[in-house]
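Number of protein chains: 2
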Amino acid sequence: MNKTIILANRPVGKPQLSDFRLLDEAIPEIISGEVLLKMAYVSVDPYLRGRMSDADSYVDSFELQKIMSSGAIAEVIASKSDDFKVGDFVLGALDWKEYQKSDGTGLIIVDGTVAPLSAYLGVLGMTGLTAYFGLTEIGAPKEGETVVVSGAAGAVGSIVGQIAKLMGCHVLGIAGTDEKVSMLKSKFGFDAGINYNTVENMTEAIAAACPDGVDVYFDNVGGPISDSVYANMNQFGRIAVCGSISVYNETAVPMGPRLEPFLIKKSVLMQGFIVRNYAKKFPEGIKRLSQWLKEGKLTYTETMVDGFDAIPQAFINLFEGKNKGKMIVRI
Amino acid sequence: MNKTIILANRPVGKPQLSDFRLLDEAIPEIISGEVLLKMAYVSVDPYLRGRMSDADSYVDSFELQKIMSSGAIAEVIASKSDDFKVGDFVLGALDWKEYQKSDGTGLIIVDGTVAPLSAYLGVLGMTGLTAYFGLTEIGAPKEGETVVVSGAAGAVGSIVGQIAKLMGCHVLGIAGTDEKVSMLKSKFGFDAGINYNTVENMTEAIAAACPDGVDVYFDNVGGPISDSVYANMNQFGRIAVCGSISVYNETAVPMGPRLEPFLIKKSVLMQGFIVRNYAKKFPEGIKRLSQWLKEGKLTYTETMVDGFDAIPQAFINLFEGKNKGKMIVRI
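Chains as they are written, first to last, in numbering that gives the first Met the number 0: chain A, 0 to 330; chain B, 0 to 330.
In short, the hints are calculated from the structure, not lab data.
None of the values given here were measured: they were computed from a predicted structure.
One or more hints might be untrue.
Chain copies aren't distinguished; within one or between two, either way the pair holds.
30 Å max Cα-Cα, derived DSBU-like pairs, lysine-lysine [to be verified]:
1) K280 / K141
2) K141 / K264
3) K296 / K141
4) K265 / K141
5) K164 / K264
6) K65 / K100
Chain A with its partners taken away, still in its complex shape (with noise of 0.2 Å):
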């Protein structure tokens, strides 16, 4: 039994159940160099929804009828090669199967005495170096400057969120819940949020939550989200445009109110990116993020959902606001 998810069709908007299909492989034999995984914990991010189209992305395609991936941990049950042994837990873009082989390409041994295993996928791993990068290349916020984070209360934006805290600027979040614009204060120590669902004017709660305008947007929603906070966008201002979630699943082109005047009127940057253009300069994300971790100045939360079946719903939970923090299956 070797449970393996493939994507079964691409999907017309928002994903479905039936875009998946779970099926069952031998468990693989190794040879000489290569070990044996066993899954233990998946990511899945907004961003696979832009690999189960054919349009072309930053990303490849998933093939369809094919095994789908992405960042997870899993733990080495067997081993023929010098670089691994039984019981190590490796990070990797692995295959959505329950157990795979590997010859070792592209494997990181984490250690789980120094963080939970989970936080290599999130706050240590690439939604933490996302946040940090896109905040402080893109954003460069001064100390005494004035942040918005949308999506804030998600995996990346709620450490965007602790990041300029600690760089000494005045934080705001938007949320979708009373729940969640409550933990962004309480958890994450954001100065301000905002709950898109329930405010009645986006722009002047804007406006009121950030009396001296807004310096940096990291901008994890786009849409109508985004239009309010560039309403309120100071002269010189940096807009860290990181994920669009809001119009990943529309069918039709997104329209909106063209950009081009307000860029010119404020001087206004926008910079779109993946984390991975900072690949060389991950040791540095990593150094920085383990260290605040370590002394308490950055916390996470974690949505942990159980069993490889669960993996489908998971994602598709991401698209309906259901998760706080970093989305994780456990296997």
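With the hints as your guide, set chain B onto chain A.
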């Protein structure tokens, strides 16, 4: 007789002649420290459209029933100042008056023997500096990269293209008549030109003219032309957002495809700017532009219109693409 032009109405949509009114004032007397100026050349520019509205912009709005102003060259015809003598020509932000006095603040003496006086309103003035800094500071093209310029036959665009060629780039210009497109290649040395009014599919035409994709886009127009350029941007592309003339006269908020997903997918940078952001570097820019001009490496066109009364119509004509290069009114 001292003609002046005031803002009679705030334009709705396209500016009309009736939005301006010609008045007559007395020629002012000067006191110690002052000079009397006689207008010689007046620059009319698209950004003035923003100043005619009361919406907040990056420059102050003109007041209703008050005199308008713009960059201009005037002759000193009487002087009680130690800094200026009769016969000097000065550059400054001047009122739209045939005669005006000044205490010299902000005036720069220009030398008509180095370059024609009107050049100080164009290639050696704000126009040339806008082209130079937008391209070099934001676009930052590397040798061999592809640069696309919209509004390419305009005052700024034609200089952008020439500088990009001097930097060793492949350069495509977009303009609105066959005559302009032909001039891009024959006069300004662009590698390719597209007439957006006659081409069937802009996106495909740009792809054909830019076989290696687009690395830098210098945007003077915004709107659907820009959408077609965006569709051809390479990863890590840079967009210098200089002007958005296609939407300046819109009365409703102009809508277009949301850019955030595109910015993320290609890790593209968009930076809006106005030339005075680079004020500290103006001497560097003027030095390089003067040098190129002297060496015959930079050419420019002017559309010269005669007579003080012609200022409003010359301005209106900007929005109908009637100018080639810098639009200047000679008094």
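Review point. Which numbered hints are broken by the structure, listed smallest first?
Key: none
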